[in-house]
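*Asks:* So the chains spell out like this:
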Amino acid sequence: MTAEAIAEAPVRPVEATPGKQPMIGAPVRRREDRRLITGQGRYLDDLELPGAYEAAFVRTPHASARIRSIDTTAAARLPGVIGIWTGADLPELVKPIPPKVSNPLLRDMPRYPLPPERVHFVGEPVAVVVAESRYVAEDAVELIEVDYEVLPAVSSTTAALAPDAPRVHDELDDNVAIHVTQVAGEPEEALRTAPHRLSERFVIARGGGHSMECRGVAARYDVGTGQLTVWPSTQSPHYTRNMLAYFYGMDEDDVRVVVPRDSGGGFGPKAQFHGEDAVIPYVAMLLRHPVKWIEDRSENFVATMMERNQVHHVEVGFDDDGKLIVVKNVFEHDQGAYCAGLQVPMITLSTLPGQYRIPNIHTELIGCYTNMVPTSSVRGAGRPQAVVAMERMMDRIAEHLGLDPAEVRLRNMIRADEFPYKVGLTFRDGSPLTYDSGDFPSLTKAVLARFDYDGERERQALARSAGRLVGIGLGAYVEGCGLGPYEGARLRLTNDGTVLVTLAATPLGQGYETIYAQIASDAMGLDMEHIAVATGDTSRIPFGQGSFASRTTVTAGSATLQAGRELREKIFEVAAVLLGAPAEELCFQGDRVCAGGDPGRSVSLRDIVQVSNIGKHGITMPRGVPAGIEVTSYFSPERASYASGIHAATVEVDPDTGQIKILRYVIGHDCGNVINPLLVDGQVLGGFAHGIGNALYEESFYDDAGQPQSASYLDYSLPSAIEVPKVELVHQFTPSPLNPLGVKGAGEGGTIPVPATIANAVEDALRPFGARITSLPITPAKVFAAMTATNHR
Amino acid sequence: MKPRPFTYLAPTSVDEALAALAEHSFDAKVLAGGQSLAPLLNFRMASPEYLIDINDVAGLDRVRRVDGGWHIPALVRQRTVERSPELRAAFPLLPAALEQVAHPQIRNRGTVCGSLAHADPAAELPTVMTALDATMRVASVRGEREVPAEEFFQFHFTTSLEDDELLVGVTVDDLPPATSTGFAEFAPRHGDFALAAVAGVVTRASDGAVGAVRLVASGVAARPQRLTAAEKVLLGQRPTPDVVGAAERAARGEVDPTGDIHASADYRRHLVGVLARRVLTTIAEEGDHA
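Protein chains in written order, with my numbering: chain A, 1 to 793; chain B, 1 to 290.
Mixed in with the good hints there might be a few duds.
[To be verified] Each pair of labels, with its calculated beta carbon distance range:
| no. | chain 1 | residue 1 | chain 2 | residue 2 | range |
| --- | --- | --- | --- | --- | --- |
| 1 | A | E149 | B | P92 | 57 to 67 Å |
| 2 | B | P92 | A | S720 | 23 to 33 Å |
| 3 | B | D242 | A | F701 | 19 to 29 Å |
| 4 | B | R189 | A | R468 | 17 to 27 Å |
| 5 | A | L714 | B | E99 | 54 to 64 Å |
| 6 | B | D15 | A | D656 | 44 to 54 Å |
| 7 | B | V66 | A | I722 | 29 to 39 Å |
| 8 | B | E162 | A | Q40 | 43 to 53 Å |
[As the list claims (entries may be wrong)] Some chain B residues well away from chain A (every beta-carbon gap over 12 Å; in silico):
| no. | residue |
| --- | --- |
| 9 | M1 |
| 10 | L9 |
| 11 | S264 |
[To be verified] Stretch by stretch, here's where chain B covers chain A in the computed footprint (C-beta under 8 Å, at least three residues):
| no. | region |
| --- | --- |
| 12 | 126-140 |
| 13 | 288-300 |
| 14 | 447-457 |
| 15 | 772-782 |
In short, the hints are calculated from the structure, not lab data.
Ideal Cβ positions, reconstructed from N, Cα and C, are used throughout, including at glycine.
Please work from the sequences and hints to get the whole structure.
*Replies:* Given below as structure tokens:
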């Protein structure tokens, strides 16, 4: 991997302290690395809860069924079984889990943690067994007899929308969960009058999160204090706490949610609330004994939310120069058995126009209930699908007019002087969809230069004349990131003289212990070694949202910056009194605050703590010294900031087998200012691996009866290191004006345009055949079918 | 993903292992490398009452020279065979196929005989041993017997091993002079079970024509399938591109695979033809240069 900065350097958002090395923008190695690389990471299952019982779930093998009866007698007699509960045994938990993101148009159907009567997807839990070990619990699960009345199921949006389709929910007259249309300009009129029109149907599958560490929950109830402590493997500890307080009718302060320090990944599904999250702590309270449930991979395949399929019907109208006049996209989104949240389809809805100036837009969502596990965001979260719809049509326009696809894109791109750019649609928070900043043409030109686009085209022509199938693809995107409502940072000078940065957001491997120390270091002018970072514990900071949607650096980062500046002031206030010097003359030198740069006139952070935090019992504090060196700050962005990028790829298709080989891949990425370039590169490359999975490998298959067909890694292909090709990175830094750091999200840009880019390249490679690529992931079998179809034409 | 309860036995000699197998027979499973059995236990797809771990059995972990060939006993790891200079020289087909088996960590544990006894029709080793006309050495308290590979593999995960029998080793005879071999498979990802694979062993007569040929495909039937029609096309012919093309068409025509979520029947049939052509082309070039 090689990286190249096309801007001089990121603009420095924080004025560097004289004489101190700035940390924001520095390639600091992660503090987490040593323990992770040496096997010292500690995950949920490493948590030692002496004597904890273990749980396993009985899950329905039918996609749609009514529970007639559940017989637990044989299982209950098994030695080592502590307790068994069905949904009917726990009426307190028969409360619907509200969708995480909703909309007034949603026809919401109740999702229960442990449904007592009716099940809607294979893998939905119907009973929980608690036993002395997971082995015994699984033995007991096999002994539980559930009598089901099996009902017809639907397992695709096409099946769900068929006129005579079985209904997923008896309460509804069809399977449409939500139908939303957004319009800018006069799309119908524009389509009627456009000089050229093209349309296509794309079926786009996305897989699951497949974090290396599956889900899990451990819980312990302390009868003496009435406090429930819950350890989930989640991206959103405060969301979990709020949901549990709601389910159990407890005060939020009596529910403490602690996320283990290390995490084997999240990628979206762990930002959702699953039924098991409510069941396990509840039975721990009933038993007054710790209970642990670690999801295994078989459960993860069927019961953890995934993203799955969308079907797009897209139509474009354009002029002779390839300039877009109108885009219309109607897409079906598979919401699964329940709506756990509308974030994915709503993001798809507003991501469609991408980097282009399009006067007339029609974007329409038909969200369907199906008898499959509910869908949730997975890194990229609805954007890759929208980018496929738009970027595939950009190539078709070029093909139709005999123009170069890069040129067609450049002709349509929003210019750098048009920001803030109003797209004409509404963002999912209801505000006008507005891009804050960016420079799409300059990044595109830089990527084309790095890619040696003209040279690649010449080499492609040579290869073609030698009978090789070589193709080039581009894919541009925007990503609304840094979303609200808010995130906070609590900075405190601890009694040992360390500045502790406490965040509500919890890391999934992004290096929070490092980057928030970098931000606090520059905010305070204090060396990083005196700054520590703590995360993921609701008892340490009361409010928070979590880590998802490429939002944390924007929100928690800005909060840390603000809190750091205020904490510095507070510390200097004390030092000013102790040293008898004006605060303006103070600065940090190591762990000391110096007056006028004279080490002889200084106090240590421990001295300050002694006066302000520890104090002397019954003794009056020195006048002018504030008590308790602590600052909590929250940052609420006024709207999303927009990251952007463009990818370029060369691929070769084996005409014998349909195998796709990636020959070159260049990523152009603009996430504004960069806190730590090493970690941004890591995010982009990791995201790219996810994109490769989406483009070429990953698909969750279900048969017509809603039975999962890819329920292990034998039948579900994740890309491994061998399948992820080398990448060349090009960075551009266009700061966001919407937050004081000028940052944007970096977590998903590596993923978002990969399916579109590779699909464009593969179709370009197959152009001699006129073969069409309209279904993703693009497997060799599909390429072979596409080539064969055109051969027979 | 926890196995059902089982009783664990760890014999230290072949006789002890055979005695345990005789006693528990259908209720027992033999554990060697565990790369297929352990997942099956954890999925609860296999639930033996007794697990007979043969890893402590003496004398089964070294490849040895036997009269006119090589013997690979039951505890020889796949990686050992792959890296053995003698076996690489004697049977280039073995490393060619083994490099495609899963990943090195798995081959470090997985045994050659374990893969043969497991008899996954998509696996490489049963196909290769069929092409090499290998002989299975099978033992029980009732005595020893030899089973040719073609008779050993019977159906999906089914061999001619009786419930009380242990596959103690596999013997591969030295290849005749003027013999070339080749292996090709197609898997979407490296290390996956192949959608299809073809192994070939071709012996040329003094005039360069094909004197003997064994061409075997996997992934297309319930066991490794000899491509007899393609073999017929080749016999007595020099493997020119035209002849290889005819063999490709014959191979495509004689297999009858089923489709699944990963590949249609048509696609697998097409792949068998392509892979047969690739194997034969390599063999033809090698033979012509010899």
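*Asks:* None of the hints should be skipped; say for each whether it holds.
*Replies:* Evaluation of the provided hints:
With their beta carbons about 60 Å apart, E149/A and P92/B fall inside the hinted range of 57 to 67 Å. For P92/B and S720/A, the hinted distance range of 23 to 33 Å is satisfied, since their beta carbons lie about 26 Å from each other. For the pair D242/B and F701/A, the supplied restraint of 19 to 29 Å is violated, since their beta-carbon distance comes to about 41 Å. As the Cβ distance of R189/B to R468/A is approximately 23 Å, the hint placing it in 17 to 27 Å holds.
For the pair L714/A and E99/B, the beta carbons lie near 20 Å from each other, so the given range of 54 to 64 Å is not met. Checked against the hint of 44 to 54 Å, the C-beta distance between D15/B and D656/A comes to roughly 52 Å, which is consistent with it. Checked against the given bound of 29 to 39 Å, the beta carbons of V66/B and I722/A, roughly 37 Å apart, stay inside it. Under the hint 43 to 53 Å, the C-beta atoms of E162/B and Q40/A, about 50 Å apart, fit the expected range.
For M1/B, the requirement that its beta carbon stay farther than 12 Å from each beta carbon of chain A is not met, with the minimum near 4 Å. Residue placement check: L9/B keeps its beta carbon more than 12 Å from all beta carbons of chain A (closest about 19 Å). Not every CB of chain A is more than 12 Å from the CB of S264/B (nearest about 6 Å), against its label as outside the interface. Note: the region 126-140 of chain A has 4 residues with beta-carbon separation from chain B under 8 Å; the three-residue rule is met and the coverage holds.
Only when three residues or more bring their CB closer than 8 Å to a CB of chain B does the claim for the region 288-300 of chain A stand; here the count is 3, and the claim holds. Under a criterion of three residues with beta carbons nearer than 8 Å to beta carbons of chain B, the stated coverage of the region 447-457 of chain A fails, only 0 such residues being counted. Counting residues of the region 772-782 of chain A whose beta carbon lies closer than 8 Å to any beta carbon of chain B gives 3, which meets the minimum of three for the stated coverage.
The structure shown violates the earlier hints numbered 3, 5, 9, 11 and 14.
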